[in-house]
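2 protein chains.
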Amino acid sequence: MSTIARKSALPAKRTAFDAEADIVVVGGGAGGLASALFARWQGNEVLLLEKADELGGTTKKAAFWYWVPNNKHMQDIGIEDRKDDCIRYMARLSRPEAYDPEHPTLGMSQWEYDSYAAIYDNASPATELLAEKGALEYRHCDFVPDYWAELPEDKAPKGRVLLPKEALPSMSDGGEVAVRTMSAKARADGVRIQTGHRVQRTVVDDSGAVVGVEADTGAGKTVAFKARKAVIFASGGFTHDVSMRKNFLSVPVFGGCAARSNEGDFVNIGAAAGAELRNMNYAWMCPIVLEKALNDDPSLIGTFSPSGDSMIYVDRNGRRVTNEKLAYNESAQSFFAWDPAKSAYPNLVLIAIWDSRSQQHSASEEYGRFIVPEGKDDGHVIKGETLADLTRNIRARFKEHASRIGGMAIAEDFEQTLKATIKRFNGFAEAGKDEDFHRGERQVELLFNGPAAETPVALNPTMYPIAGSGPYYAALLTGGNLDTKGGPVTNANGQVLDHTGTPIRGLYGVGNCVASASARAYWAGGATLGPILAFAYLAANAASAEGRVGTKAA
Amino acid sequence: MSTIARKSALPAKRTAFDAEADIVVVGGGAGGLASALFARWQGNEVLLLEKADELGGTTKKAAFWYWVPNNKHMQDIGIEDRKDDCIRYMARLSRPEAYDPEHPTLGMSQWEYDSYAAIYDNASPATELLAEKGALEYRHCDFVPDYWAELPEDKAPKGRVLLPKEALPSMSDGGEVAVRTMSAKARADGVRIQTGHRVQRTVVDDSGAVVGVEADTGAGKTVAFKARKAVIFASGGFTHDVSMRKNFLSVPVFGGCAARSNEGDFVNIGAAAGAELRNMNYAWMCPIVLEKALNDDPSLIGTFSPSGDSMIYVDRNGRRVTNEKLAYNESAQSFFAWDPAKSAYPNLVLIAIWDSRSQQHSASEEYGRFIVPEGKDDGHVIKGETLADLTRNIRARFKEHASRIGGMAIAEDFEQTLKATIKRFNGFAEAGKDEDFHRGERQVELLFNGPAAETPVALNPTMYPIAGSGPYYAALLTGGNLDTKGGPVTNANGQVLDHTGTPIRGLYGVGNCVASASARAYWAGGATLGPILAFAYLAANAASAEGRVGTKAA
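Chains as they are written, first to last, in the numbering used here: chain F, 1142 to 1695; chain B, 1142 to 1695.
One or more of the hints may lead you astray.
As the list claims (entries may be wrong) - Each computed BS3-like pair below joins lysine-lysine, with the alpha-carbon atoms no more than 25 Å apart:
#1 F:K1483 - B:K1574
#2 F:K1154 - B:K1148
#3 B:K1564 - B:K1524
#4 B:K1274 - B:K1326
#5 F:K1483 - B:K1524
#6 B:K1326 - B:K1367
#7 B:K1483 - F:K1296
Just so you know, these hints were derived from the structure itself, not from any lab.
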């Protein structure tokens, strides 16, 4: 959490300011840095305010794959990615219950449809400009599939994913690279940057237009910044505001891996300025290690890669209830099945169980894996020499946490059921086919399968029989989020809209602090950052044109 | 929808008003009428503004059972209902994933805990005062159980439910009775009432305190009302704002049975006045007839009573997936199971199927039943002489609606599966035990079972074998809501709070327009209206004390 307390979000009125710029950007993650760069390159004086003591936000913790439909590389090597196909893929996954292939906006609202079109049209120009200027060079990941590559609506299942050029071969440190290169470029090109400033509210003029912000510093000082043209918020989602999580998200998550400074500031600041809120119910989802969330461990990373072939997830009864290798956004939903007859979430905590083979060959510290090298931050790993041992230790661990997980406890006959479950799974592994949950049948499941022992004939590389003897290992998992998707609604230019659909003059938003039209969907790796760069580009360009005679905001 | 368009919700500043009162109440349902009455009885000049052309709101459509813990009648006849027991029952059901019996606030937030305590302490005094004054006399429904009467946390499973005294023996028209008696009393006691006024925004003074409201009339006139002491909003939830439903609720409902004027006005007005929003993800849930929702039929009533013993719900494959007789709030959740591997809601539409026995003996127009007398508003009923016929007609009906239900279609082998399903169900009915979903095993399921043919030996009165020959009948159902549960957060005095937890001076809220701490729960019949009367009482009393030297609002 920020050490600077939240204060009233109601807009202030004032004429005297401590500093000014053409454009004030709030937030120093990818959305803010890109907005600042694009605005600066248009010749504006730009001031960037960051609440934390350093730049980077959630971006710094991300792998920073970025999803860029119809990107230059695709065009160069001849992968066709037509606009209407791509929009169709986005719509089908965002609100499946409303998707209508024959409808002019595919059953989506005009806002959603326009948002998808804006992503398609602008992610690539934004990306190219960042690369050209040396702020964010990339390499292309031809082998990475979209997360729903098998859907008939996906006409370009590979080719849309880019990665910062200097990222490791494992592609896990792209965020650090991107923050480094983008912030270096911002400083070199004259963006003024002030960290340790928590923006509390907008400053408005008599017409209600936003003309600046007020921020508090750690020293307890309130500082007012004038924005001659516009303020662009890029301050992240509300993952670390427990009350907002409980009162907005569609599912009860215990936490997430966004930067700790993501406390939903713009939900309040925007709403108090008259903004309409949208998509508050959805988040970018990911399984997480339960105990890291309960301990509020800032090192928490989503379990992007559910590694281990001789590994299964079971419920409190010892039964498998899901395909463990589902892409993370989908896998996370498995934890939130609701039992209306019992008024309970029976799968709220699932138990990953693996053997010595997976421990030896699938351990890694990357991509939030729960199978980690022994001794490396492995407090979440439960061990047992036999399944009886393991059961005893899992039961004890549940007891330890019972008061914080709704009293959930391991069933009396867990060990017996687990043995039957392992027997059945081992049969599937030997046959190469998971008759219950179809594990390993999709491209994305192979992508995130992670390292594993080499096996002469691997019928299905995601499954291998669990050994008949110990040691055995377990970890408690739950569904969490990377960050949230809701906030003030913006138009395709990033202008924040009021309850009548009219832009609030001078107020822009980009990234997880504003509403994402993706709703339930996670289209592909980088479906967060690709669109964020597109909207940073659009917002910076529109904001840059503000303040002229006959402003664009009307 | 209101014929008066939504305008900006941003607070206005003004010193001249068209009319004034001590207390201005917004909304003429139970929450508003009760607030107005309680305020008037404290000696205030009270003005009540209603957007629709008549009073009543959602209340008028309700049965108006009201849940009043530890009510006078319980005390009189010696049913013990201890405060900590009752709070425990409320907490267990509201957020089961956080419930901790050993925790000082049972794992709930302080706000939630205080809210439950306020309901326990005030529902009965509020109820008694309304009865004593002749505004709302009641009779006691000793035989009505709480909806989770079997839970160990329910120490007073019967006795908490009251009903307007003059309601029909079937108890279905309590809302009309209550609106009639309460509005007659309000008029008689001098509450000024103006219908056809849509409140658009608050009026605030320089300190940010709310000192009035601005409303638009159907004639296009804006009228300003000054409130010397306070404004109390009781303007209902956001059931009929499609965008809010999509962007806040945890599940994709097609509609609900709140009054058509419930468009979430106070979500915007409150947020723009700086209020913190809470519990935006939850609603009072109920199955609804799909086609009435798709047709936006204002006569839509939730399916409170899933009547018919020779009746089952099946999915698009012809399989039973739930206990059809679950209490409505729980039953509605069955429609929103999510399949993360397919990115789809497989149960979004379920099909109720019944035979001639249920048609003849279980048809009724009350409690939103889908088995209605033939010829009585039965456009939603699909018929077939044989199961093959019925399947053909169900298939055609799905095709008709496909574009609006995410392309959902009846499986190829539906008829065959349905036959097997009926065979299995009939076995359960003969044995009196539903091995799959435990139908009829709880008191509430018998309460809502509805009329049925008399059977000499009914082992389980909720089940009877479906006939081997036609005619057969079907109806398409989905999950919907009665009204929503989210909005600005209030303290136990009904004062609306800002993002720092501080009351916004002069601003109060009651009922479905503000956040309900019940979250997922529907504790019992009347768990809506009992608490609403309690909070109307608290808000009116606190508002009445406003404006004195050293106001209570600080």
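Each hint, compared with the structure:
1. Only pairs whose Cα atoms come within 25 Å are accepted, and K1483 of chain F paired with K1574 of chain B is accepted, the gap being roughly 18 Å.
2. For the hint linking K1154 of chain F to K1148 of chain B, the alpha-carbon distance of about 23 Å falls within 25 Å, and the restraint holds.
3. Using a Cα cut-off of 25 Å, the hinted pair K1564 of chain B and K1524 of chain B holds, with the two alpha carbons roughly 20 Å apart.
4. Our distance criterion of 25 Å between C-alpha atoms is met by K1274 of chain B and K1326 of chain B, whose separation comes to about 9 Å.
5. Between K1483 of chain F and K1524 of chain B the alpha-carbon distance is near 34 Å, which puts this suggested pair outside the 25 Å criterion.
6. Between the alpha carbons of K1326 of chain B and K1367 of chain B the distance comes to roughly 24 Å, so the proposed pair stays at or under 25 Å and holds.
7. A hinted pair counts as satisfied when its Cα atoms are at most 25 Å apart, and K1483 of chain B with K1296 of chain F qualifies at roughly 18 Å.
Checked against the numbered hints given earlier, the structure breaks only hint 5 and satisfies all the rest.
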